[in-house]
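Chains as they are written, first to last, in my numbering: chain Z, -11 to 312; chain Y, -11 to 312.
It is worth saying that the hints were derived from the structure and are not from the lab.
Warning: the hint list may mix true and false statements.
Since copy identity is lost for identical chains, a pair holds within one copy or between any two.
Calculated cross-link-like contacts (lysine to any residue; reagent style SDA-like; alpha-carbon spacing at most 20 Å) [unchecked claim]:
{"hint": "1", "residue 1": "Lys103", "residue 2": "Tyr24"}
{"hint": "2", "residue 1": "Lys32", "residue 2": "Pro12"}
{"hint": "3", "residue 1": "Lys102", "residue 2": "Arg264"}
{"hint": "4", "residue 1": "Lys282", "residue 2": "Arg207"}
{"hint": "5", "residue 1": "Lys11", "residue 2": "Thr21"}
{"hint": "6", "residue 1": "Lys32", "residue 2": "His15"}
{"hint": "7", "residue 1": "Lys305", "residue 2": "Gln263"}
{"hint": "8", "residue 1": "Lys102", "residue 2": "Tyr24"}
{"hint": "9", "residue 1": "Lys305", "residue 2": "Asp256"}
As the structure is a prediction and not an experimental result, all values here were calculated from the model.
Spelled out from the first residue to the last, the chains are:
Protein chains: 2
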Amino acid sequence: MNSDSEMVIPTFEDVIEAHDRVKPHIHRTPVLTSSYFDELTGAKLFFKCENFQKAGVFKARGASNAVFGLSDEQAVKGVATHSSGNHGLSLSYAAGRRGIKATVVMPRTAPEAKKAAVRGYGATVVECEPSTSSREAVFAEVVAQSGADFVHPYNDPRVIAGQGTCSRELVEQVDKLDAVIAPIGGGGMVSGTCLTLSNIAPEIKIYAAEPKNADDACRSLKAGYIIADDAPKTIADGLLVPLKDLTWHFVSNHVSDILLATDEEIIDAMRLTWQRMKIVIEPSSAVPLATILKNRELFKGKRVGVILTGGNVDLSKLPWMRAS
Amino acid sequence: MNSDSEMVIPTFEDVIEAHDRVKPHIHRTPVLTSSYFDELTGAKLFFKCENFQKAGVFKARGASNAVFGLSDEQAVKGVATHSSGNHGLSLSYAAGRRGIKATVVMPRTAPEAKKAAVRGYGATVVECEPSTSSREAVFAEVVAQSGADFVHPYNDPRVIAGQGTCSRELVEQVDKLDAVIAPIGGGGMVSGTCLTLSNIAPEIKIYAAEPKNADDACRSLKAGYIIADDAPKTIADGLLVPLKDLTWHFVSNHVSDILLATDEEIIDAMRLTWQRMKIVIEPSSAVPLATILKNRELFKGKRVGVILTGGNVDLSKLPWMRAS
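Bound conformation, chain Z alone (with noise of 0.2 Å):
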């Protein structure tokens, strides 16, 4: 839908839209506190918990917010992205709950286990190379012979708008806070989260948190442009894209830093999280934490939403134990 078209900007009556159209089909997940983390950091934490929701991740709001907004004339011809991680994901679930069909671009040495989970909501996986061209070859002819609708993991107003219903229940969940971190990779929640706040809690501070070995958004945010980074590797690895124009939009205007995590304290943070929340989060869900523990005076008294984004990750290989 928007791969071609001029930017969209979503506005927050498409937030107010979007959750009407999803709640039936996500959780309002629970938002947790740890008097550990509390005593730790100095500040009063709010953990917004998107690795409960649908298919383990905060796309599912996105995704479902893209796919039950189409006519009954575009879900007949179904969705279709390219995508080896939660969006692909997040994208079958919400398919598989309108019951229209999903297709999801994966490179054949994908995981198994990932290609699996997509299959499992009953989409189907169309394998590629491992190559941006072999990619944008193999989705251009799915989408031309079904006539899916593209769905772009971050840059897509549809999408953008979804993500905005996580902070929009978070300040009905927690009152009076300061501020709000996030991870960033693409920027999609961050701009769901920027459009939200900007709009209902202009007052509350927004930061991103990005790994310092794929820091392309907090270049970027210095430079006053996009910048893409080469390759990039981390742990967080649903980090690595590049903001796009619809991102960029949301983040130059209202992000007030963005903060950076070794991939070393990335997983110290998740251990620690998993050892004293006794929750399962993925390396991207902390970074913000990581960040927090790294610039405790910024955070010190304040009440912080700290968004866990998703928690999927592979229980037989923990980064903890790699790196043992």
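Based on the hints, put chain Y in the right spot on chain Z.
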């Protein structure tokens, strides 16, 4: 207090008093549901998340009730127990919270991490040799010298009344349960559940779930008297201890059945819970789900409360990794 006294059976009044007493010191833990597990089992499961409890385990309830119920005079002398596991940790938590002394006798061979966790709450670790005779001798000396109050892990009316607060919350949180199931070792949680439910919701059936490799409670229930296993060995290492007179009283009078699961089934259920519910539970907590998966006909169409008793695991040594 109880080791030499006659059997004092706690009443539901004791549970109410316990609840008032411990409320400031424990979490009213959330109840989570999982559409995945509901589909898999054909039942409607309500998971009471004591893995989110203080000290990571339901035992914080009973330990807090014992500690905060002490007279000021007794409190000065502190509390003591022998435990290398969750009870030692919970008693240390409660004592630290009240600001009184706690001594935990632990085998010198116990993992350093467990000793460190107890010390982390401000308690004293006294080491003994890894034998019953050494443990008893060392413990007797600790009590003789300090006058500390002995808080037994489960065969103590204060502890059972404290554990009874868990199912009191559960029936407030979930309507019209048909059954509640909890793991059984010494029987503290199950006894508290029996005490509460037999008073306020006698229509709810109570099931206990036990590792097949430590099935002494199951055999006791069938025999009509307490049978203690000789050195049982199971991955669910919180469930090794035998029933005692007080817990036998509740189990024999109120438990409908004790269901068994093999270690392999327990590990599978544990891993599946982490994977699908994104929560960290310890092996003991997975025994109920493992037995539900084996006894689907029994629970089909029923509303079942499942008590996830704790979440204290060594994250660097997960059972599915040892198994592979």
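Results of checking the hints against the structure:
Proximity of lysine 103 and tyrosine 24 under a CA criterion of 20 Å is satisfied inter-copy only: 19 Å between copies versus 38 Å inside one chain copy. For the identical chains of this complex, lysine 32 and proline 12 are inter-copy neighbours only, at 18 Å across copies versus 31 Å inside a copy, given an alpha-carbon limit of 20 Å. Taking the closest pair of Cα atoms, lysine 102 and arginine 264 come within 20 Å of each other only across two copies (14 Å); inside a single copy the shortest separation is 28 Å, beyond that limit. In this homomeric assembly, lysine 282 and arginine 207 come within 20 Å of each other (Cα to Cα) only inside a single copy, at 19 Å, whereas the closest approach across copies is 54 Å.
Within a single copy, lysine 11 and threonine 21 get their C-alpha atoms only as close as 24 Å, which misses the 20 Å cut-off; across copies the closest is 17 Å, which meets it. Taking the closest pair of Cα atoms, lysine 32 and histidine 15 come within 20 Å of each other only across two copies (17 Å); inside a single copy the shortest separation is 24 Å, beyond that limit. Both within a single protomer and between protomers do lysine 305 and glutamine 263 lie at most 20 Å apart by alpha-carbon distance, with minima of 17 Å and 13 Å respectively. In this homomeric assembly, lysine 102 and tyrosine 24 come within 20 Å of each other (Cα to Cα) only across copies, at 18 Å, whereas the closest approach inside a single copy is 34 Å.
Proximity of lysine 305 and aspartate 256 under a CA criterion of 20 Å is satisfied in both settings, with 15 Å inside one chain copy and 16 Å between copies.
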